[in-house]
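K.L.:
Here is how the chains run, residue by residue.
There are 2 protein chains.
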Amino acid sequence: MAEQSVPDIVIGRLPRYLQALERMRLEGITTTSSLELGQRLGISAAQIRKDLSHFGEFGKQGTGYSVEFLIEQLRAILNLNRMWDLALVGVGDLGSALARYQGFTNRGFRIVLAFDNDPQKIGKRIGHLVIEDSATIPERIRQTGVKIAMLTVPAAEAQKVTDCLVEAGIRAILNYAPIHLVVPPGIIVENIDPILKLQHMTYYLD
Amino acid sequence: MAEQSVPDIVIGRLPRYLQALERMRLEGITTTSSLELGQRLGISAAQIRKDLSHFGEFGKQGTGYSVEFLIEQLRAILNLNRMWDLALVGVGDLGSALARYQGFTNRGFRIVLAFDNDPQKIGKRIGHLVIEDSATIPERIRQTGVKIAMLTVPAAEAQKVTDCLVEAGIRAILNYAPIHLVVPPGIIVENIDPILKLQHMTYYLD
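Residue numbers (the working numbering), protein chains in the order written: chain A, 1 to 206; chain B, 1 to 206.
Next up, chain A with everything else stripped away, as it sits in the complex (with noise of 0.2 angstroms):
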């Protein structure tokens, strides 16, 4: 396989097709093709079918692909064939929005922790957790072996929290807090800020 070197700007790629064709199922379409998805995201046809061309073949010329067949490979190729744990750390108004978010287990995660360091709000319950103490971080992370966090506390805490979460074994993170992250060779961090997204738009705007 030639997956060791796929570009990470593919792989990322990736879970847009895999949510397009879960919804065309979802509307009982059984086949498509590389024209029609990439009218769904706004992607080219070729663009996809060189993205796809880094694991393999996926569809025949003219016949198209096989929805279900196209989602178990792409699930299979992210990992998703398993449900990931999460550890969210920081039970803030967005915290607390994620924690009720209904959206992660059809979509292959689930959160099974929750820290804060208020002490109004540890041992509360928020959705189907309970609250735990920011300090119990090391332990808990250890003991349940989860492996991704979702950081939502203050930017003026988040590095410090980082370098907990990654002493604790924490291999990927998906920050909000808006700064960057500075950690070890081999975390993965994804960044989720609305006001950069709503600065790259402004460009474009008069």
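Because the hints were derived from the structure by calculation, they are not lab data.
Incorrect hints may have been included.
The list treats identical chains as one, so a pair stands whether inside a single copy or across any two.
Stated by the list, open to error - Straight-line C-alpha distance at most 30 angstroms; calculated DSSO-like pairs for lysine-lysine:
1. K160 x K50
2. K124 x K197
3. K147 x K124
4. K147 x K197
5. K50 x K197
6. K124 x K160
7. K160 x K147
8. K160 x K121
9. K147 x K121
10. K50 x K121
11. K160 x K197
12. K50 x K124
On a predicted model such as this, the values are computed, not experimentally measured, just so you know.
Chain A is already provided as a structure; the job is to place chain B on it using the hints.
P.N.:
Structure of chain B alone, referenced to chain A:
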């Protein structure tokens, strides 16, 4: 100016440069280099110099960049020398968290309208806003001239609401619904979906 032809991927990095520079300013740093900036962002110095070169000369060889000057230039390029009004559509858990978030104003944005179609919510206060009936979107968007919307409605409603927003004059949409929105040419959409980011990271986990 060569601005017309700057690739969108370059534009997308400028807000990150701005964010890092604003943090440097907070830390009292007055001069920086593409190397230092790059280290903070995990981006090569060469990439930063190349990106900035699209817009002119911002530093002298060997003396680096004035942090303040570069902030001013980036803010001007991104049209951030003004406050941008936002409309929030959908005041569920996530919409509520965004309405209460304090971090918008000092980065150039303020939410001035909030809409929901739930009769239980219409008329209620959220932060400094009063939730208005989604049925009044066309009228209220036209009255206020708001150009940017944050869309936090369920996926099943997102396209219909988008059509309504675009018809009313919205030109840019930050979409939190986990679907690809179809919009006319010239309307800008950026998507925020934590699960796409999580699925990107699980590729690298095992």
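K.L.:
Let me make sure I understand: some of the numbered hints might not hold for this structure. Which ones are they, in numerical order?
P.N.:
Numbers 1, 10 and 12, in rising order.
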